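2 protein chains.
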Amino acid sequence: MTSSTVEDYLKCIYLIQTRSTDPISTGLIASQLKVAPGTATAMMKTLSESGLITYEPYRGVRLTQAGSKLAAHVLRRHRVIELFLVEVMGLNWSDVHSEAELLEHAVSELVLDRMDEMLGRPSVDPHGDPIPSPRGVLREKEYPSLISCPLGGLLKVVRVTDQSANFLRLLERHGIMPGKEVEIASREDAADSVIVRSSSGKALHLGFRPAASILVEPGE
Amino acid sequence: MTSSTVEDYLKCIYLIQTRSTDPISTGLIASQLKVAPGTATAMMKTLSESGLITYEPYRGVRLTQAGSKLAAHVLRRHRVIELFLVEVMGLNWSDVHSEAELLEHAVSELVLDRMDEMLGRPSVDPHGDPIPSPRGVLREKEYPSLISCPLGGLLKVVRVTDQSANFLRLLERHGIMPGKEVEIASREDAADSVIVRSSSGKALHLGFRPAASILVEPGE
DNA sequence: TACCAAATTTTGACATGTCAAAATATTACA
DNA sequence: TGTAATATTTTGACATGTCAAAATTTGGTA
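Just so you know, the sequences run in chain order A and B.
Mapping of the first sequence onto numbering that gives the first Met the number 0: residues 0 to 219, in sequence order.
Mapping of the second sequence onto numbering that gives the first Met the number 0: residues 0 to 219, in sequence order.
Source of the hints: derived by calculation from the structure; they are not laboratory data.
Remember, it's a predicted structure, so these values are computed and weren't measured experimentally.
Certain hints may be false.
Chain copies aren't distinguished; within one or between two, either way the pair holds.
Listed next, the in silico SDA-like pairs over lysine to any residue satisfying Cα-Cα at most 25 Å (straight line) [unchecked claim]:
no., residue 1, residue 2
1, Lys33, Ser3
2, Lys33, Ser2
3, Lys44, Pro143
4, Lys33, Thr20
5, Lys68, Glu98
6, Lys201, Gly50
7, Lys201, Asp21
8, Lys179, Pro129
9, Lys179, Glu6
10, Lys33, Met0
Between the sequences and the hints, there should be enough to build the whole structure, so can you do that?
Rendered as structure tokens:
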């Protein structure tokens, strides 16, 4: 019914919508999906005619109920698959994003539910990203990042939002993954610099951009 | 590189080529894949230009080395996935063919090898179909079927070539699956009829067509 | 050997998704 | 408020895969 291309556009819009309620520009969608601007505009018309988004030319788009539900299901598939690949199949967390990108369009409801069952109906994926419920409801918890959290004391890593393989491999080498504890050794706004110490003792120097993608729970 | 459509055509030709060495007509391919005859012809030109088949108009097609290798890899993916779905995920053997039909185009080499490893480098899928090696070599063993095997004595089911879900469910209800033993209670050519008794004691009446799809190893 | 039926190929059309480049709208700023 | 820079949409083209229906080839048979 809905092509994998349509699913990709919906998922993209959904993810952007998660972080702000403003209408989303076609240019942003185009750059995220790495297609030409005109391509995104054309697809917006298609999605709009299918009732999956509302689209006001030059103003932007917004998912409808139907579009939102569909997108949530795609995202659910993606994240359950990621966790399955790590937990059941033993893949590295840095590899599973791109694998899931392919599989999310090919896995049936039956197989997905079986994965979900084998995983014990999990609520987060290997990166700490929340998994939408089977009904299509996503609960995003608000966490501070390494550039917004209070200094001093232990922090528990709960989520890493930058999914690029190289970055994840770097973090893993330093023992920085959801569930692990870290401490901020120094943070300097002017220098765009955060130095993190993981429980392995190693210090890791990060710029603000990557540091902002590491979400933590301040120690209790 | 090669689209999932191309993969489907190659796999189809490969499977037909497994059972005879004659050139394969475009009409047969079209009917197998449920596309219009002209569609198959168009694709034969494409495949031919890509060097995956040799194509003589009105005479038929044949896989090249390259095409054969590619097709074997697709079939390998299909059969490893089927076994994974049954052995690791607990799906019913009657459901996995259609699931694998989708997944075979989306599973990476990395994931496939991991499946293969988890399954202990298996040589046959849940239906007893042989799995091509990672190098793309397929070893088909010759087995008699319920309409060609000798009468009398126990027979071990080794393979079921009809993959339709309803038929497989029927067999399962009667305890007829690879590894199980059966006995031919009667076979009547004129009536197109075979009556099989499984170890559960139940008798199953089959026509010649379905009976021919059940391959057995005569008891030693 | 000529013709007919069946199979195959060709033709013209369409659907989906994509791009580059031209046209148009929006926004910011001078 | 007018204009320039930027973003968006439109246009025309292309690639892949598909169909229905017309044209062609093949092979058997009279």
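Right, here's what the structure says about each hint:
When the C-alpha separation of Lys33 and Ser3 is checked against a cutoff of 25 Å, the pair qualifies both within a copy, at 15 Å, and between copies, at 22 Å. For a Cα distance limit of 25 Å, the shortest separation of Lys33 from Ser2 qualifies both inside one copy, at 18 Å, and across copies, at 20 Å. In the homo-oligomer, the alpha carbons of Lys44 and Pro143 never lie at most 25 Å apart, since the shortest distance is 37 Å inside one protomer and 58 Å across protomers. Taking CA atoms no more than 25 Å apart as the test, Lys33 paired with Thr20 passes inside one copy only; the shortest distance there is 23 Å, against 46 Å between copies.
For the homomeric pair Lys68 and Glu98, the shortest alpha-carbon distances inside one copy (23 Å) and between copies (23 Å) are both at most 25 Å. Taking the closest pair of Cα atoms, Lys201 and Gly50 never come within 25 Å of each other, the shortest separation being 52 Å inside a single copy and 54 Å across copies. Taking the closest pair of Cα atoms, Lys201 and Asp21 never come within 25 Å of each other, the shortest separation being 41 Å inside a single copy and 66 Å across copies. Taking the shortest alpha-carbon separations for Lys179 and Pro129, only the intra-copy value of 18 Å comes in at or below 25 Å, while the best inter-copy value is 45 Å.
For a Cα distance limit of 25 Å, the shortest separation of Lys179 from Glu6 qualifies neither inside one copy, at 33 Å, nor across copies, at 43 Å. With identical chains, the CA atoms of Lys33 and Met0 are at most 25 Å apart both within one copy (24 Å) and between copies (18 Å).
Violated hints, listed in ascending order, are 3, 6, 7 and 9; each of the other numbered hints is respected by the structure.
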